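Novice: Below are the chains, spelled out letter by letter.
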Amino acid sequence: MAGIAEDGEEAVIMFKAFLVKPKVILMDHRMPEKTGLEATEEILDLDKKVKIIFVSADVSIKEEALSIGAFSFWVKPFTIDALIHEINRAIESYPLNN
Amino acid sequence: MVTKTGKSKSGVNIGIGILVLFFIFLTSYYNYLLFHSIAELFSILIAFSIFIIGWNSRKYMDNSYFLLLGIAYLFIGLIDLIHTLGYTGMGIFLGYATNLPAQLWIAARYLEAISLLVALLLINKKFGYKYLFLLYSIIFTLIIMAIFYWKIFPTCFIEGEGLTLFKIYSEYLINVILFINIILILRRRIKFEKLIYYYIIISIISTICAEMAFTLYISAYGFSNLVGHIFKIISFYFVYKAIVETGFKRPYNLIFRDLKLRETELVKYQTQLESLVEERTIKLKKSEEKYRKAYHRAEFYKDLFAHDINNILQSLLSGIQVCEVTLDNPSETRDSLNIMKTQVMRGSNLVSNIYNLSKLEESEMPLRKRAVCKVLKKSIISVKKIDRERSLNIQFDFDDDELFILGNDLLEIVFDNILNNAIKHNKNATIEIKIKISKQERTHVNYLKIEFLDNGKGVSDTRKEIIFNRGKREIKNIYGMGLGLSLLKKIIETYNGEIWVEDRVKGDYLKGSNFILLIPEVL
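The listed protein sequences correspond, in order, to chains A and B.
Counting from 10, one number per residue, gives the positions in the first sequence under the working numbering.
Counting from 17, one number per residue, gives the positions in the second sequence under the working numbering.
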């Protein structure tokens, strides 16, 4: 695991700082400083290959999240197994020639 | 409203009127017969003009006031004409002295006073013009016959003696009738336009003055006779102003006064209505604002509820799963942990169902073309992913991606719910679900019939209807949370479709259920 950010702002700063970019990001939505949607847009602007799995209790943003480029959207609550399965799926779909 | 120009115009008219009257008066010194003829012809012309206006307005009036006056003045004018022609010195009706014109005068004045009174008393009535004309024709004929043929009309003037008592008392009686006319006009003033009302009053007062003068004359050429005729000219001048001039220059004030009154009433009601509408609009806007605030509050709490409860449930679920992995004796606690996990997922389903139901009721999900088989396959994959202790066998052999219905994103929820329900209420070691798709035509509409046959515990006949009804307590433990199936029904109904349940084996519900969806197909 590359790291944990406390909020959307920190997520973007951390992503920029990483020399080796993470392949998969688990993104929440309702966070202080910057929302998950805003952070997703900024991160995808920096690197379109990264797979952002939205994990949120707010189902109303599902359409928007997928439209701005999120890999998938998972509504809480979900099991750990389901999450692991989805992370593996995201990694498998990551482009090989990085 | 009288403007400065209007006032000066009136002043000029009055000046001209006085001048004309003076010249007519002067003619009496030249030749009294000339003066009399001019005076009478003036009133006769006005009388005939009143007839023309009254007669031609008969179709537009709600009452017969002006028609009656018009017809009356025609015959009054005729009697006055005969009076003029028969005046002492005219030499037309030989053998008749001053009595003849006096009799004709009284007859005309009686007819005038009584006609004015009757017209006012019956001002709201409408009479047939033919009957009125016939009536006045008969009265006129009777008067003429009584004076000229039967000679039964009372004597009014005796040569050498002067006016008879009949003549004098008749003049007083005529004045009484005219006075009653004034009172009636005062009471019915609303029926008249203001200026017309004043003109008529002045005319009647002038006639009263003329009649008083005519009680005093000794000679047909005497001063009081002259004064009486002057007042008659003034009287008919104001009748001309009231009826003739208004009828030509401002017909709406005369003929269409009722219409104008109704128009005024209408404008008044319109103003009241507009004020009422404005008041109600303000109230409506206030209650709309209240509703909008209440709606936003409800939306806010709904979103907050859904979001925060889901977060809580996530924490619970994650905690349970950690316990599963880390507890020393997981087998002892496995059952409890499974129960807790199940309850968390039930809570999550409830939140999701409520959220979707509210969205559906707000019509926030427009319909679009959905490929049924594609969505079904996705649901099947998702359901199969869930780890179970028992084996799950879902049979779906249909592979036509060209089967479409008009639906929305909730179609996935429909299929997920039906499949999950079939799994949840099935205690067999192997859960069997068979999905069939067929086509059906009903009342010229093509439908897709999707059947979900399971080997679960089934639904008894008594419960087949009520499981789709929300809020029924007895069905809570059978299927869904009392909300899931009612949500499915609502979703399918927005697709103009139907959902119901039958037995997998007809007549034996214990062998499993067949959940059937019937949704219109689109090409």
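Keep in mind that a hint or two might mislead.
Stretches of chain A that chain B covers, calculated by requiring three or more beta carbons in the stretch to come under 8 Å of a beta carbon on chain B [said to hold, decoys possible]:
| # | segment |
| --- | --- |
| 1 | 27 to 34 |
| 2 | 66 to 79 |
In silico lysine-lysine, BS3-like type, Cα no more than 27 Å apart, as pairs [said to hold, decoys possible]:
| # | chain 1 | residue 1 | chain 2 | residue 2 |
| --- | --- | --- | --- | --- |
| 3 | B | Lys394 | A | Lys32 |
| 4 | B | Lys357 | A | Lys71 |
| 5 | A | Lys71 | B | Lys210 |
Hints in this document: simulated from the structure, not taken from any laboratory.
From a predicted model like this one, the values you see are computed outputs, not experimental measurements.
For every residue, glycine included, the Cβ atom is placed at its ideal position computed from N, Cα and C.
Novice: Run every hint past the structure and note whether it holds.
Specialist: A quick look at each hint next to the structure:
no. : hint                 : result
1   : 27 to 34             : violated (count 0)
2   : 66 to 79             : holds (count 4)
3   : B:Lys394 <-> A:Lys32 : holds, 26 Å
4   : B:Lys357 <-> A:Lys71 : holds, 24 Å
5   : A:Lys71 <-> B:Lys210 : violated, 77 Å
Consistency with the previously given hints fails for numbers 1 and 5, ordered from lowest to highest.
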